[in-house]
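Following the hints, put chain B in place on chain A, whose structure we already have.
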Amino acid sequence: MNKNIIISSGLHMLVIFVATLSLPFIVKKPIELPPIISVELIQITDQTNVPFAPKAKKIIEKIKKKQEKLVSEQAPPKKVKKEKPDAVPLPDQKNEQVKKIEEKKQNPEKIDNEVKQVSEFEKDEMFDPNSIAALIDKSKEDLAETSKKLDKVTQSQDPSMNLSGLTLNEEDALKAQIFGCWSIPLGLPYNENLLVRIKLKLKPDGSVIKTEILDHARMNKPGQNFYKVLAESALRAIQLCQPLRVPTTGYERWKDLQLNFDAREMLEG
Amino acid sequence: MRNKKLLFIILLIAFPFKSLALIEVDITRGNLSPLPLAVSSLASNKKDKENLEKKLEIKDLGLEISLIVENNLKKSGLFNPLNKDAFLQKPDIAHLKPRFEDWALIKAQALITGKVNFIDDKLRVEFRLWDVLAGKEMLALAFTTVPKNWRRVGHIISDKVYERLTGEKGYFDTRVIYVAEEGPKTQRVKKLAIMDQDGFNTKYLTLGNELVLTPRFNPTNQMVTYLSYFKNLPRVYLLDIETGIQEVVGDFPGMTFAPRFSPDGKKIIMSFAMDGNSDIYTMNLENRIVERITNHPSIDTSPSYSPDGKYIAFNSDRSGYQQIYVMKSNGKNVKRISFGKGLYGTPVWSPRGDLIAFTKLHKGKFYIGVMRTDGKGERLLTENFYQEAPSWSPNGRVLIFYRETKTNSKGEGFSAKLWSIDLTGYNERLVETETDASDPSWSSLLSN
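As given, the protein sequences belong to chains A and B, one line each in that order.
Residues 1 to 269 (our numbering) make up the first sequence, in order.
Residues 1001 to 1448 (our numbering) make up the second sequence, in order.
Okay, chain A solo, but in the shape it has when bound (with noise of 0.2 Å):
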């Protein structure tokens, strides 16, 4: 009897042991919330096209440096502000400050043009963003001027530079200016190929020097008029969006280029 009664006891508490484990509303776990993510936005371009990477990082830290110094350049305008800040110079001080200004300069034209035009009250604004961004990108100009052979060189002696397509950013940003010119002729039949490719050659500003219909012997069959028809639209459009929208470097890689016109998508809804 004591036996039975020890069995039962053992297995209820058996039972109560295993509810407690398991079941969820008897032991309240603390809520885990999960480690806070901080999210950062970057341009795609920059995870897209990855032979690219190690260049563009030697360009952006280029451009940093270039930029700390163009503001330890600025810097000298603003203390001479400080010190007179009501007080308005006559021409004579205001040349006497140029030429100071001259003296530390490592580009002197450039930074004294901007000194001559500027009055007093205008010098507060030299330090904002948007005329710091905008010598970057006059020094990304001037960078971009000097690179040129060392780019040149770069491109081929990497290896992977030519077989590397556009940037997802680069093809969305030339469909959608072909899609724009693209008029499909409407009176196309549904069930054939409907396909033209069309081999351009461009110029670094993405007008076309020369464009081939690779298929060009369709065009001539008997049956086949409607795809004279394609064609001759597609060109239409090519011409139409001239120049291309194509990326601003890399000329060497999208300098001959393929686009690949396909109606059925659009016809067949």
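Hints were generated in silico from the structure; no laboratory data involved.
No residue lacks a Cβ here, since even glycine has one placed at the ideal position from N, Cα and C.
Certain hints may be false.
[Claimed, not checked] Chain B side only, calculated, beta carbon under 10 Å to chain A, not exhaustive:
(1) L1032
(2) Y1162
(3) L1165
Showing chain B alone in chain A's frame:
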């Protein structure tokens, strides 16, 4: 020799070619808006202009022809003719050498220019089609005809431009035969009428003494077959539009419906009731031999041949409801192709052979639609209170049909008009007619 091959292979392995991958971009979307084009007025010198004005009483024939072209292309829904006020170049200079920059500036992608001359009492019209963006001529043609034919010249130019820019034949140099209706609904006077597809040059072919029904064009020539009641008996007639000669093909018993030509124009196919049972018959027009095609206790009507003449589409209620069936031209292999809800009727095979147009009645509404010849891909193009009798344009891209409006409680407000709709279903237009109209049939191209 073998060593050389081996050396070559070793070289290939040792010095692989540097692959230059060409960047490919897929363009799968575009805009489906109509193509903007400029139709410049057709130029003519002062003397020709004066002579033509005397002859035809039209002040500027070149302008009128260009307006016909403009109107045709606009109605097709595929082109957007630009306003002539925006044109920067004069017609005569543009015809010699267009300044493409000027035409590109107003966003024209194609340009039509031309010249009208009056030589030896004949009208000579030449025109050119230019690709504005490529800066080149796409087409140049000239026609000589009697001055009275000037509207047809406009239609032929429209057809040529349409064909060059879309890749398929046009449908502008065509005519439509229909039943012109006048008077109150209970006492309708019905006459056979014919007009150009744009609604001009209407001619009445019968006087309206007899009831006429279902006129149909011969696909190969300007012959028409229609049904007329003579002393309350239906008769099938043949009418040659060019000569005006009319002949009775035969008297048939009971209800006779919808005679239609075979694609070669040598037979007519129709349905009539023998012993209270409607079946499909053909009649050879050369020897007048009648052949029975279907033999079924159900009602079989509205037969229509496929363009190759191998198959016939018709409607039948053999499944309990009126549906569309397809069979071989000898009456064998009958297959039902319509399976949607509602009643299907008036199947008409497209001249291209790819689609069958039909009328559908579902929940008290009438639809005009198309389906593939196997019954798949059904698309309803338009819906209305009452509409039926679709007829294809010769290029199989547009349908013409008629639509009736509801009468009010006093029995007023009834009208029947012709409408056209293209295969996209978006370009629906009223076809202007002088009177009320029903039962249209589209001719084949007058000039090939």
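- Task: Identify every previously stated hint that the structure contradicts and give their numbers, smallest first.
- Result: Per hint list: zero violations.
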